[in-house]
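**Q** Below are the chains, spelled out letter by letter.
2 protein chains.
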Amino acid sequence: MQQPAEKLYLEDLCIGQRFTSETYVMDTARIKEFAAEFDPQPFHLDEVAAQTSVFKTLVASGWHTAAVTMRLLVNSGLPFANGLIGFGGEISWPRPTHPGDILHVESEIIEITPSRSKPNQGVVKVQAITLNQKGETVYQMRAKLLLFKRTVDVG
Amino acid sequence: MQQPAEKLYLEDLCIGQRFTSETYVMDTARIKEFAAEFDPQPFHLDEVAAQTSVFKTLVASGWHTAAVTMRLLVNSGLPFANGLIGFGGEISWPRPTHPGDILHVESEIIEITPSRSKPNQGVVKVQAITLNQKGETVYQMRAKLLLFKRTVDVG
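Chains as they are written, first to last, in numbering that gives the first Met the number 0: chain A, 0 to 154; chain B, 0 to 154.
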């Protein structure tokens, strides 16, 4: 949960700016618990049942990988001063996440659109790629986030 | 966890086919727990801190809403015989989910693409809209899913 010292505002960002998160280990028990609550399918719940699935082995729910990615972004991956407030975006899972996988997220600012109506706001599009310990992409997201300018105290 | 009696295969689906899930109540404690693990931001964790955020009140993590949507789809929303295996898609959160909200998911088949190389497979694009008890959309997803044809036993 180490935080970068400086938190960034809208005017601190530029296209092509990159960020790297810390790592997170996918735990088998947590994979099964998450799946039991949110994605109760055999290939997320049980090693034996997973053998006869298209995955051939136990894999994490894609939504677990997505949630872990958010954790990594919030805690270390994107040091935005007002937090990470998303409107939505595109997501994909090029390959599954497995028990024991060590994930981290590499992000890049790909678009900055200042608000026309609200001069202290803007929408920033970020590409976040979640990689496993082999450097393989397990999850990719392009998301639009709400960013604010540094408030100047006129009091 | 009531399941429709009949599970559907690729050849059972048609464009415009619609499905409705059961309901799920967003619990305050679970909203905070999910956020503490995956999206630890003040507006998801604490009612008082949320008052000074852009949301003005405690709201669920968008990833919690996404995960609950998956639960609803798996358990009752999309009765696909081989389960729900997604490649990815587009997601958005038009408005936040609040404690006590009662969610359900309305889905529609919007595209069916048979595989060129694998005759027993196809990719089905589904639009899933998650609504609260007021009929407001809190989450929308267009996702591509892997579907299989009914296997004909030639033994």
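Some hints here could point you the wrong way.
[Unchecked claim] In silico EDC-like links for lysine to aspartate or glutamate, alpha-carbon gap of 20 Å or less: (1) B/Lys31 / A/Glu32; (2) A/Lys31 / B/Glu32; (3) A/Lys124 / B/Glu89; (4) B/Lys31 / A/Glu89; (5) B/Lys143 / A/Glu89; (6) B/Lys124 / A/Glu36; (7) A/Lys31 / B/Glu36; (8) A/Lys143 / B/Glu89.
Hint data in this document are derived by calculation from the structure and do not stem from the laboratory.
Just so we're clear, the structure is a prediction, and the values are computed from it rather than from any experiment.
**Q** For each hint, tell me whether it holds in the structure or not.
**A** These are the hints, each one checked on the structure:
| no. | hint | in the structure |
| --- | --- | --- |
| 1 | B/Lys31 / A/Glu32 | holds, 17 Å |
| 2 | A/Lys31 / B/Glu32 | holds, 17 Å |
| 3 | A/Lys124 / B/Glu89 | holds, 14 Å |
| 4 | B/Lys31 / A/Glu89 | violated, 26 Å |
| 5 | B/Lys143 / A/Glu89 | holds, 12 Å |
| 6 | B/Lys124 / A/Glu36 | violated, 24 Å |
| 7 | A/Lys31 / B/Glu36 | holds, 15 Å |
| 8 | A/Lys143 / B/Glu89 | holds, 12 Å |
Violated hints for the displayed structure, listed by number in ascending order: 4, 6.
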